[in-house]
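One line per chain: the protein sequences are H and R, in this order. Counted the way the working numbering counts, the first sequence spans residues 1 to 244. Counted the way the working numbering counts, the second sequence spans residues 245 to 644.
FYI, nobody ran anything at the bench for these hints, they're computed from the structure. Just so you know, these numbers come straight off a predicted model, no measurement behind them. Please note that a few of the clues may not be correct.
[Stated by the list, open to error] Only some residues are given here: those of chain R computed to face chain H with a beta carbon under 7 Å: (1) M245; (2) R250; (3) R254; (4) L268; (5) A462; (6) A465; (7) E552; (8) M563; (9) G564; (10) V571; (11) A638; (12) S639; (13) A640; (14) L642.
[As the list claims (entries may be wrong)] Label-pair distances were calculated between CB atoms; the ranges are: (15) H/V123 to R/R258: 24 to 32 Å; (16) R/V583 to H/D137: 35 to 43 Å; (17) R/Q635 to H/R193: 34 to 42 Å; (18) H/V123 to R/V583: 25 to 33 Å; (19) H/L77 to R/P566: 15 to 23 Å.
Every residue gets a Cβ at the ideal spot worked out from N, C-alpha and C, and that includes glycine.
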Amino acid sequence: MEVVRIEHLTKVYGSGHTAVTALREASLTAHDGELVAILGPSGSGKTTLLMAAAGIIEPTGGRITIGATALYDGGWLMRDRGRFRREHLGFIFQSHNLIPFLTARENVLMALQIRAVTGARAVRVAQELLDYLGVGDRQGHLPEQLSGGEQQRVAIARALANAPQVILADEPTAALDTERGQSVMALFRQIAREKGSAVICVTHDHRMVEGFDHVYRVKDGLVTNGPSGEDHRVPPAGTGGGVA
Amino acid sequence: MNLAVRDIRRHPGRFVLSCIGVGLMLTLVLSYGGIYNGFVQEALALINNTGADLWVVQRDTRGPFAEQSRMPEDVRYRIAIVPGVAEASPYLFYTIQREWQGRPLRIAVVGYDLHTGLGGPRRIVAGRGIAQGHYEMVADQKLRLPLGARLHLGQHDYTVVGQTRGLVGSGGDPVAFFTLADAQEIQFVKDNWAIRNQRERAQAAYTRALPTQPSLSARLARELADNPDVHTVNAILVRLAPGAQPQAVAREIGRWKYFSAYTTEQQSQLLLAGSVALARRQTSLFRMVLALTATVIIAQIIYTMTLEKLKPIALLKLMGAPTRTIVALVLQESLALGVVAYGVALLVGSLTYDKWPRLVLVGTADKLTLLAMVLGICVVASAMGIRRALQVEASAALSD
């Protein structure tokens with residue numbers, strides 16, 4: 001089932017002489033259980049695409065549909081986008097972005113609490129997620145007491161806490177070495193397969209997108225590989241893919 | 245899960261230090277209220293101690309405490325026969341400073357009539373009351389004069405035979421009670437050396453003025469230099485007969501040209517409206533400035549703490565945390581700071597107030613008022629932090 005549909009999305013920062021076009025007619029789709037990569041160099045507009053999809057920044061034009069909800073169509077269609085995010089989306093970031101004054105378990109509990117899941121049930125879910133991500137034994141530690149890889153696993157556990165339809169990951173491996181980065185990507189594949197969430201992962205590292213179902217390339221705000229059957233999709237880097 | 249508690253837990257040392265700093269400031273806010281209460285308590289203690297119903301003083305003056313009032317001692321007999329008066333008793337009050345065993349003593353001297361007992365010490369906490377007409381005194385414990393101590397005043401030594409507790413004059417000086425005659429003597433009687441000296445100076449002047457009348461010069465010099473009539477008092481205390489109306493008796497006495505009569509209530513009001521009112525304005529102003537300063541300091545602390553959390557706040561927003569979660573985080577930290585600082589203020593106050601030089605009287609109402617003030621201050625102080633927190637964009641969580 002299609003859970004993300006982005007059509008002709010445009011984002012222009014500023015106006016007049018200072019206007020900068022970050023996205024030009026970008027289109028993208030993702031289905032549940034799919035692993036989608038947005039690949040591009042720094043400043044290409046891939047994070048802008050992600051933030052627009054999450055309802056964080058307002059596009060200049062286009063359409064965004066998440067699941068059955070039309071989020072944007074020339075203007076925001078949903079007022080309480082915070083609520084939409086906590087119910088449908090999970091986030092993973094480059095710098096792990098755990099809340100520094102909460103332990104690993106509390107970080108996951110916080111995400112549950114935001115969804116009004118509290119008490120023994122929340123504790124059980126948090127424990128299960130941390131165990132699932134292999135950091136159950138580190139749950140009482142503060143982020144600063146965890147390694148980069150462990151922090152990212154806790155961040156993934158937190159992103160999974162609300163059983164999201166879509167997980168948006170912004171350079172999730174940038175702060176990790178290759179081995180740990182690939183381990184995280186393997187986790188994404190596992191999550192997509194086992195939890196059924198669509199994972200949209202922004203990265204500049206083509207080595208990390210091996211095994212992804214679809215890879216979109218972004219350059220200067222232009223998504224050069226569309227999602228349609230017009231062969232805009234490309235195989236992962238290193239397998240001879242490119243614009244058809 | 246309480247985010248504010250978790251955040252505080254991360255930097256407990258800094259939080260505790262902030263609480264101590266704000267707490268000490270709140271101690272001052274509390275203390276200034278207590279100091280004013282102490283002023284009132286001390287000012288009224290002496291009035292209440294007399295047990296008088298009326299105070300008769302020199303016409304158009306405000307009584308023995310608020311200002312100087314002088315009247316002949318024998319007026320007591322004229323007042324005693326006014327209908328409704330059961331007893332009239334002379335009263336003398338003045339302040340002296342002497343040295344005792346190398347330390348200065350400021351004493352509020354009270355002279356009272358031993359026979360009526362009006363104006364004398366009502367509660368002796370150690371020793372006994374004055375039992376003989378001369379050379380005994382009852383001193384307040386604040387003077388730190390032990391029982392049996394002898395103090396040289398005027399031309400005589402006076403022995404401490406009893407002690408009171410918490411009796412001070414309106415200026416805060418501890419009280420010592422004497423018989424009226426002793427108090428008059430201490431105040432007015434000059435010693436022989438002073439008399440001789442003044443006689444010679446006066447005679448020299450008169451001799452120059454009246455060179456042909458040496459005997460007249462000598463007599464005039466003696467009259468000028470010798471001890472004056474000491475039978476002067478500051479007030480006559482009146483105890484009313486049962487059923488007598490204080491206002492009516494005061495009106496009756498007030499008809500005489502030379503005296504004003506006040507009820508004890510009026511006397512208290514006169515005192516409170518005078519120097520104590522000034523102290524109240526002063527302490528209120530200090531309290532206001534300190535409360536404002538505390539608000540600014542708490543606001544600054546909370547704002548700084550909020551600035552340090554902007555990224556986690558952005559993250560919470562990104563995760564879809566409702567606004568109330570963000571507001572609660574900042575507000576609860578502010579309230580926690582205020583409440584802990586309030587506890588520090590209460591603790592410091594209770595441990596130190598008995599060592600302050602003047603009475604600090606803090607009641608439950610003062611404590612509750614301060615608590616309400618602190619909560620209000622914390623809410624106001626957190627406004628800036630909350631505003632800043634709400635301005636943070638969720639997208640800030642994605643930036644490094």
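Problem set entry | Whether the CB-CB distance between H/L77 and R/P566 falls inside 15 to 23 Å | holds, 20 Å
Exercise. When the nearest CB of chain H is found for R/L268, is that gap smaller than 7 Å?
Worked result: violated, 27 Å
Exercise. With a cut-off of 7 Å, does the beta carbon of R/A462 approach a beta carbon of chain H closely enough for the hint to hold?
Worked result: Hint on R/A462: violated, closest Cβ of chain H at ~95 Å, above 7 Å.
Exercise. Do the numbers back the hint for R/R250, that is, is its least Cβ distance to chain H under 7 Å?
Worked result: With a minimum Cβ separation of about 5 Å from chain H (threshold 7 Å), the hint on R/R250 holds.
Problem set entry | Verdict for R/V583, H/D137 (Cβ pair) under range 35 to 43 Å | holds, 37 Å
Exercise. Was the hint right that R/A640 lines chain H, CB cutoff 7 Å?
Worked result: Status violated, d = 10 Å.
Exercise. Holds or violated: is there a CB of chain H closer than 7 Å to the CB of R/V571?
Worked result: violated, 14 Å
Exercise. Does R/M563 meet its interface restraint, that is, does its C-beta lie within less than 7 Å of any C-beta in chain H?
Worked result: holds, 6 Å
For this session: Report holds or violated for the interface hint on R/L642, using the least CB-CB distance to chain H and a cut-off of 7 Å.
Result: holds, 6 Å
Problem set entry | Agreement of hint R/E552 with chain H interface, Cβ distance less than 7 Å | violated, 9 Å
Problem set entry | Satisfaction of the R/M245 interface hint, Cβ to chain H closer than 7 Å | Holds, about 6 Å.
Exercise. Between H/V123 and R/V583, does the beta-carbon spacing fit 25 to 33 Å?
Worked result: holds, 28 Å
Hint violations for this structure: numbers 4, 5, 6, 7, 10 and 13, all remaining hints satisfied.
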